[in-house]
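*Asks:* Produce the complete structure using the sequences and hints provided.
Here is what each chain is made of, one letter per residue.
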Amino acid sequence: MTASHEREGFGLPKLTYRVWKVWRRNFDVFMKTFKVSFFPPLLEPIFYLAAMGAGLGALITQSIEGQSYIQFIAPALVAITIMYSSFFECTYGSFVRMYYQRTFDAIIATPISVEEVIAGEILWGATRSLIGGSIVLGVVAAFGLVTKPLITSPLFILVLPVAFFSGLMFSAIGICFTALAPNIDFFNYPQYLFITPMFLLSNTFFPLTLLHNLPLQIFSQAVLPLTHTVNLARWALFGSGDLSFALSIIWIAAVTVAFFVISINLMKRRLIR
Amino acid sequence: MPETIIRAENLTKKYDDLLAVDGIDFEVFKGECCGFLGPNGAGKTTTIKMIHCVLPLTSGRLAVAGMSVSESPREIKKMIGVAPQEENLDPDFTVMTNLLVYARYFDIPKLEALKRAENLLKFSQLEEKRNVVIDQLSTGMKRRLILARALINEPQVLLLDEPTTGLDPQARHLIWDKVRSLKKQGVTIILTTHYMEEASELCDRTLIMDAGKIIEEGTPVDLIKKHAGEEVLELDYDEKVMSMLKEKFPDARLEVVGERIHVFTNQPHGVFASFLESFPTKSATVRGANLEDVFLKLTGRNLRE
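Protein chains in written order, with the working numbering: chain W, 1 to 273; chain F, 1001 to 1305.
You can take every hint at face value.
Each computed BS3-like pair below joins lysine-lysine, with the alpha-carbon atoms no more than 30 Å apart:
(1) F:K1226 <-> F:K1213
(2) F:K1129 <-> W:K32
(3) F:K1078 <-> F:K1213
(4) W:K35 <-> F:K1142
(5) W:K32 <-> F:K1142
(6) F:K1142 <-> F:K1115
(7) W:K35 <-> F:K1129
(8) F:K1178 <-> F:K1115
(9) F:K1115 <-> W:K32
(10) F:K1226 <-> F:K1246
Keep in mind the hints are simulated off the structure, nothing from the lab. Keep in mind the model is a prediction, meaning the values are calculated, not measured.
*Replies:* As structure tokens, then:
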């Protein structure tokens, strides 16, 4: 017996296979509500491709780095879905489980630790990105049959690991907000001040170079995670050829590891008092 | 000597400016039902949460089955079942799935989990509700399911944090029956409650907590005898009556509660009856002393919240 143990300090999480049990719980719920969790996300990218790609795109005759407008936004739509799926799962979704349903309390009364619960949530968030990204990838491929091909690289399948690992990143960032959220309305802040700017300013619907605003471009590259997911999705779908994709992989890996550790520590601070 | 299964020494839990548990020592013996009584904020739930390893200690020692809660939380949590005060069933699942998903957290193989869940549905009289979602259960059913869920890992120690709060008498008695039958099976039970009747019914031993400290400990019968005697006389307040009582029962404790006088004495059964024969008073009643008398004597009548 040790004499005592105070609240543990900041540290690397100690995880076991039990992380999967938390993941599995969320997966089981998802499968139960399969119809509502699967079909609406299928429709959204179709609307975007039709309205912005085919519709707005018809007005845009200028090519963007050799691509038509619809080709330019197709990978961005995949990336945006990747971001939304995991970020919302690990903010609103996790908050409901933590605060309203007390699911975390129920799980930590079993041999599963708080750290494993949070790691399981993040892993599940990444899985949601993988599912969402795959759906949109399928839609983009199908839409390309009607318009012009929206996927030209054989590497396109790499969008799936991009979805998963970007999902880990957005989940970990989301969990940080959840750990700090005093109530569910708090998520308006990250939604409107973080997610919406990314949605618009991450080389999604126009190349940032058009604005001739160097600080904004640097900001987008340095700070906005979606920029890198978009970059990778575009590289995978069209094989853009330059080496910036390698930089994006490193950026995402570093940010993911950092936020994974931070998010679990913030959650421990919130839940173990 | 009974075997100790939980031992706390100088157990302390401090929040920023609040000493929730203030250096308590206690033991819980194998196979007993031990009740933690106390007003709100006494530190009962905090103590329970430290026993099942979800709240770290500030200082002191706490061991379950010889294992330290800070060193072996997983091993301890494997052998403990917890029925928390706040309902935290999984609303996304049915009754049966709640049990099965919970079994998975304990690494119980699927077939074994199914077998145990079936037995627990029977035990908690929820067989007909197996495919019902949690929202559609009554409060009593939810409490029974929480109890059933706490038993899925066949725990040696069961922690029941206010298991019957908010239940109607029927539902309460059903829970009591279940607790008694678990005790018979040899499960060690730790129970917190505000209901003194519940503690008297179920507990072999009670610890009374107030402001983070254990202020008294003993079997319900001994505590009643020690602090409230055998009988209590209650009658309407009147100064003349008061002075007469003081004269007649010089050793008695007289307590004025609202408009009534309560008379506690160590004298044996029947003493009040003979008093009332000589001074018949309409408002007077003689009743057996109970644990509530003990509780109110020790923790006072002031509201805590």
